[in-house]
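Novice: Each chain is listed here by its residues.
There are 2 protein chains.
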Amino acid sequence: MAAAKLWKRYCENFKYYPELGLSLDISRMNFNDGYWAKIFTKCKQAFLEMDELEKGNIANPDENRMVGHYWLRNSELAPNCELKNEIDQALVEVKTFAANILSGAIKSPTGEKFKNVIYLGIGGSALGPQFIAESLRPQKPELRFFFIDNTDPDGIALTLNDLEQELARTLVVVVSKSGGTVETRNGMIEVAMAYQRRNLDFSKHAVAITSLSSKLCKIAEAGGWIKILPMWDWVGGRTSVMSPVGTLVVALLGIKLDEFLAGAKAVDIVTREHNMRTNPAMVLATMWYYAGNGKGEKDLVVLPYKDRLLLLSRYLQQLIMESLGKEFNKEGKVVNQGLAVYGNKGSTDQHAYVQQLREGVKNFFVLFVEVLEDKVELTNNTEKAVEVEAHVTSGDYLQGFMLGTRLALFEKGRESIILTLDKLNEFSVGGLIALFERAVGFYASLVNINAYHQPGVEAGKKAAGMVVEMEKILLKFFDNYDVSSKALSVEQIASEINCQKEDDFETLYKVLEHLVANGRGIERERDERKPDLVKYKRSR
Amino acid sequence: MAAAKLWKRYCENFKYYPELGLSLDISRMNFNDGYWAKIFTKCKQAFLEMDELEKGNIANPDENRMVGHYWLRNSELAPNCELKNEIDQALVEVKTFAANILSGAIKSPTGEKFKNVIYLGIGGSALGPQFIAESLRPQKPELRFFFIDNTDPDGIALTLNDLEQELARTLVVVVSKSGGTVETRNGMIEVAMAYQRRNLDFSKHAVAITSLSSKLCKIAEAGGWIKILPMWDWVGGRTSVMSPVGTLVVALLGIKLDEFLAGAKAVDIVTREHNMRTNPAMVLATMWYYAGNGKGEKDLVVLPYKDRLLLLSRYLQQLIMESLGKEFNKEGKVVNQGLAVYGNKGSTDQHAYVQQLREGVKNFFVLFVEVLEDKVELTNNTEKAVEVEAHVTSGDYLQGFMLGTRLALFEKGRESIILTLDKLNEFSVGGLIALFERAVGFYASLVNINAYHQPGVEAGKKAAGMVVEMEKILLKFFDNYDVSSKALSVEQIASEINCQKEDDFETLYKVLEHLVANGRGIERERDERKPDLVKYKRSR
Numbered sequence: 001m002a003a004a005k006l007w008k009r010y011c012e013n014f015k016y017y018p019e020l021g022l023s024l025d026i027s028r029m030n031f032n033d034g035y036w037a038k039i040f041t042k043c044k045q046a047f048l049e050m051d052e053l054e055k056g057n058i059a060n061p062d063e064n065r066m067v068g069h070y071w072l073r074n075s076e077l078a079p080n081c082e083l084k085n086e087i088d089q090a091l092v093e094v095k096t097f098a099a100n101i102l103s104g105a106i107k108s109p110t111g112e113k114f115k116n117v118i119y120l121g122i123g124g125s126a127l128g129p130q131f132i133a134e135s136l137r138p139q140k141p142e143l144r145f146f147f148i149d150n151t152d153p154d155g156i157a158l159t160l161n162d163l164e165q166e167l168a169r170t171l172v173v174v175v176s177k178s179g180g181t182v183e184t185r186n187g188m189i190e191v192a193m194a195y196q197r198r199n200l201d202f203s204k205h206a207v208a209i210t211s212l213s214s215k216l217c218k219i220a221e222a223g224g225w226i227k228i229l230p231m232w233d234w235v236g237g238r239t240s241v242m243s244p245v246g247t248l249v250v251a252l253l254g255i256k257l258d259e260f261l262a263g264a265k266a267v268d269i270v271t272r273e274h275n276m277r278t279n280p281a282m283v284l285a286t287m288w289y290y291a292g293n294g295k296g297e298k299d300l301v302v303l304p305y306k307d308r309l310l311l312l313s314r315y316l317q318q319l320i321m322e323s324l325g326k327e328f329n330k331e332g333k334v335v336n337q338g339l340a341v342y343g344n345k346g347s348t349d350q351h352a353y354v355q356q357l358r359e360g361v362k363n364f365f366v367l368f369v370e371v372l373e374d375k376v377e378l379t380n381n382t383e384k385a386v387e388v389e390a391h392v393t394s395g396d397y398l399q400g401f402m403l404g405t406r407l408a409l410f411e412k413g414r415e416s417i418i419l420t421l422d423k424l425n426e427f428s429v430g431g432l433i434a435l436f437e438r439a440v441g442f443y444a445s446l447v448n449i450n451a452y453h454q455p456g457v458e459a460g461k462k463a464a465g466m467v468v469e470m471e472k473i474l475l476k477f478f479d480n481y482d483v484s485s486k487a488l489s490v491e492q493i494a495s496e497i498n499c500q501k502e503d504d505f506e507t508l509y510k511v512l513e514h515l516v517a518n519g520r521g522i523e524r525e526r527d528e529r530k531p532d533l534v535k536y537k538r539s540r
Numbered sequence: 001m002a003a004a005k006l007w008k009r010y011c012e013n014f015k016y017y018p019e020l021g022l023s024l025d026i027s028r029m030n031f032n033d034g035y036w037a038k039i040f041t042k043c044k045q046a047f048l049e050m051d052e053l054e055k056g057n058i059a060n061p062d063e064n065r066m067v068g069h070y071w072l073r074n075s076e077l078a079p080n081c082e083l084k085n086e087i088d089q090a091l092v093e094v095k096t097f098a099a100n101i102l103s104g105a106i107k108s109p110t111g112e113k114f115k116n117v118i119y120l121g122i123g124g125s126a127l128g129p130q131f132i133a134e135s136l137r138p139q140k141p142e143l144r145f146f147f148i149d150n151t152d153p154d155g156i157a158l159t160l161n162d163l164e165q166e167l168a169r170t171l172v173v174v175v176s177k178s179g180g181t182v183e184t185r186n187g188m189i190e191v192a193m194a195y196q197r198r199n200l201d202f203s204k205h206a207v208a209i210t211s212l213s214s215k216l217c218k219i220a221e222a223g224g225w226i227k228i229l230p231m232w233d234w235v236g237g238r239t240s241v242m243s244p245v246g247t248l249v250v251a252l253l254g255i256k257l258d259e260f261l262a263g264a265k266a267v268d269i270v271t272r273e274h275n276m277r278t279n280p281a282m283v284l285a286t287m288w289y290y291a292g293n294g295k296g297e298k299d300l301v302v303l304p305y306k307d308r309l310l311l312l313s314r315y316l317q318q319l320i321m322e323s324l325g326k327e328f329n330k331e332g333k334v335v336n337q338g339l340a341v342y343g344n345k346g347s348t349d350q351h352a353y354v355q356q357l358r359e360g361v362k363n364f365f366v367l368f369v370e371v372l373e374d375k376v377e378l379t380n381n382t383e384k385a386v387e388v389e390a391h392v393t394s395g396d397y398l399q400g401f402m403l404g405t406r407l408a409l410f411e412k413g414r415e416s417i418i419l420t421l422d423k424l425n426e427f428s429v430g431g432l433i434a435l436f437e438r439a440v441g442f443y444a445s446l447v448n449i450n451a452y453h454q455p456g457v458e459a460g461k462k463a464a465g466m467v468v469e470m471e472k473i474l475l476k477f478f479d480n481y482d483v484s485s486k487a488l489s490v491e492q493i494a495s496e497i498n499c500q501k502e503d504d505f506e507t508l509y510k511v512l513e514h515l516v517a518n519g520r521g522i523e524r525e526r527d528e529r530k531p532d533l534v535k536y537k538r539s540r
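Going down the list, the sequences are from chains E and V.
Just so it is clear: in the first sequence, position 55 is 55 by the working numbering, and no numbers are missing.
Just so it is clear: in the second sequence, position 359 is 359 by the working numbering, and no numbers are missing.
For reference, chain E alone in the conformation it holds in the complex (with noise of 0.2 Å):
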């Protein structure tokens, strides 16, 4: 493309919303001019679907559940005076709560004001708030984060012993929408062992974020915990960043929360519009739509040049993949739809796989977010920009990387977008959140699924729950085997406890090797380690 081209398809492509202080720029995706009338019918469907969405329909029909998460950032479009008292009600208490931490009126037990928090949550209860309490920490937050988000136990002391002296003085905030999500009850529990081991009443440390009728939430009640905190059904984990799951982090990072969920209504508003070339979550949604063929057969690399987006790509990973992983679509026709995301951060990642973008496998295309000023208001860092070389500073080199590589991707045919944001703080994350939520939900609309629900999960767990169910069973086989009796291969040892189902054989070893290496009270006969050889028996 020759130059003259080149700078008119940027002029064309490129758009700037003021209210937001970002841009877009879908220049350098090679859709042709007669991509917009094709997509036109599917477009105007979504903007309807959505219409419909947010007026509080039933979206989610899998779970019989309205899709709320637009209402937490403006309450006045709640579909009823209930629950937009609840929305209201609930950021009352957020920001009185933190309020109360943050200035001793809440003390720990030790009578001193509470020092650290710990996270405790998995999925959609971790990544929003492990992605605010980094992209937006102050320099000097009154309170250090602490995140438990899986049922590691060695992950779990790690951040425990950590923690050690200071668990006197330290807040745990339980995530839990249902209640019942076993990672976090077992962090739960693992954390409140530590707390008893050291004599400290984990009750006056505990916070829970729950739905009001949750088994977390009568553990939280009849244990007189300091604060429950509201979460709704019709806020799925994904997008429940500016439910008290996350607007706490905020609050009790002490930043500024009304800027954050300000920054997101700012962002509903714009991309209300039914127009699918202004709209910017539209025009990211068609663009994903362009690059994958409607099918997500191309990844989406999310490369933010801005250390302190450094968990973007993570966080996208799950609102979009978990969104738009769908076998089905909304007729029940299998589609296996989805959209893989990776990505880290610029310049960094330059040095690790930008070699593979520019040459290999062309199985993606980019996101670059860029960050115009180079300071971050929050790190209060008063200094001026050092100059690294004459006139130069870092950050120039920052942006210099950036576009360097979009060049030479380019070049090669490799297609990218820039998404710009003017400054980094509470109202543009804020913003960034609510444009890919709904660039997803738009997304899903064009091709026809249901984004709210997931039932590829479930799945997993109950498996697991199988899994762990026939570890019991082993190990009361074991603890009434007489000790000097024969050992038993795998296979003998299916037959006694009756399990015949295909694929249990292999469950049944992995177990029982699991159990033999934590020093269950069950051993190897020798050290054999060939599945269909080993033999085991109870240990003396």
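Fair warning: there could be bad hints in the mix.
[Said to hold, decoys possible] Here are some of the chain V residues that sit facing chain E, going by a computed Cβ distance under 8 Å:
| id | residue |
| --- | --- |
| 1 | Ala-105 |
| 2 | Asn-161 |
| 3 | Ser-178 |
| 4 | Asn-186 |
| 5 | Val-376 |
| 6 | Ser-394 |
[Unchecked claim] Away from chain E, derived, C-beta distances all over 12 Å, residues of chain V:
| id | residue |
| --- | --- |
| 7 | Gln-89 |
| 8 | Arg-277 |
| 9 | Tyr-290 |
By construction, these hints were calculated from the structure, which means they are not laboratory data.
Computed from a predicted model, the values in this text were never measured in an experiment.
Cβ atoms here follow ideal geometry from the backbone N, Cα and C, with glycine treated the same way.
For this one, chain E is given, so just place chain V on it according to the hints.
Specialist: Chain V in isolation, oriented as in the chain E frame:
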């Protein structure tokens, strides 16, 4: 597949390596019996090529370099005595230096022991150190590690401000093989400035790891830095973890460096065997080949079920994608090879994107990484495992979720491999690195590409350099431009500075906007944000 058949397949395709404490299971990759015969000749060739490589034959013809990372853990194999001595000598130096830092024989200028380390590098000089520092962190390291791995001035300021008064007790390790990596140089300048602002002598905190003829080496020599450790041109950045780049991290963490190297050496020995069915590195390579049809048609999703291994996927992303993402094969034919890698950790990711893995686009296969022993010695956790239900631990659930997810994926025809470590420690992590290094080397032979260069990285760097040059010209132009003169459009400025190359208008616009946003003496005439209409003038 019937239960009996699956179990048989499992037993046949499961292999334990006693000398490594590692097992590999490829039973749920759906290759058929004929696959091995088909790939036999390629594997044979790959074994021969690897033998040649290890003997020191030039394997990176672009750069006329040998590839010698295998010698780092077994210097006996180095092709000559000089190299052997250099390797041995460097290891002694690393150990002695780290011991002196840890003992306080080398003190910080305050007269106290060093307390923190900033590791300053990017790509191969950062990801390995980060992966080690996270996966092998002892519970109470003498030194806390911080990483600066980008040219983002805000990210650098955030880290430096976190350290603040502690800079006086902070060691700064600058890692750059060539000594010319701009991001690292910028970071070094910013850090040195921070020391200067606090009236601290940077050179009394600074350590260089670099080629002994590099620019960085000269700076370090001239400045009288505390220590200079060698990097060699026969070690690629992405395989440099066993050179001082990584061994210094291990040594400064105060953990078992010899075990770390021994783990890698043990894997090297096992993976030199010319048997495609039992050599675990070749087994991995053949499975990648099978999954992606030898063309990288499927992404590799890396799911370690262990918090400490969170960065494994990022480490592998670099190692695999930079090595395998190539435009040309060895004969110069365009092949656009590669293998895209992403993932974080289980079971956390089950609540993020496993929905898509089970139901969505079938464009991936999974590598599960499991650790049989739940406790990690490095954590120094002496507590008995907590029971989260009667007889069940968090670790049981962790395994349950992994096996459950594997089953759930298999039900839907999604393939996976399980790599199991008996324990997570210095030996096994060293081994893991060596295993993947060799798998990558084998795979490159299978698809007939050079794994040891990265020609695609240069283009982006060069283009970035041009962007920064353009910025300098712009700054100079406006510096000489009369404040009261007319504001100029992008096209007018282009013409004034004689810039006509393709793409340049767009780059010019982007650079101008960045300069405006950062108060660099240029402003917009009005707050116009349309690239073809906006006009710029010198700030008063």
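Novice: Hint by hint, note whether the structure agrees.
Specialist: Going through the hints against the structure:
{"no.": "1", "hint": "Ala-105", "result": "violated, 28 Å"}
{"no.": "2", "hint": "Asn-161", "result": "holds, 5 Å"}
{"no.": "3", "hint": "Ser-178", "result": "violated, 12 Å"}
{"no.": "4", "hint": "Asn-186", "result": "holds, 4 Å"}
{"no.": "5", "hint": "Val-376", "result": "holds, 5 Å"}
{"no.": "6", "hint": "Ser-394", "result": "holds, 4 Å"}
{"no.": "7", "hint": "Gln-89", "result": "holds, 28 Å"}
{"no.": "8", "hint": "Arg-277", "result": "holds, 15 Å"}
{"no.": "9", "hint": "Tyr-290", "result": "holds, 16 Å"}
Violated hints for the displayed structure, listed by number in ascending order: 1 and 3.
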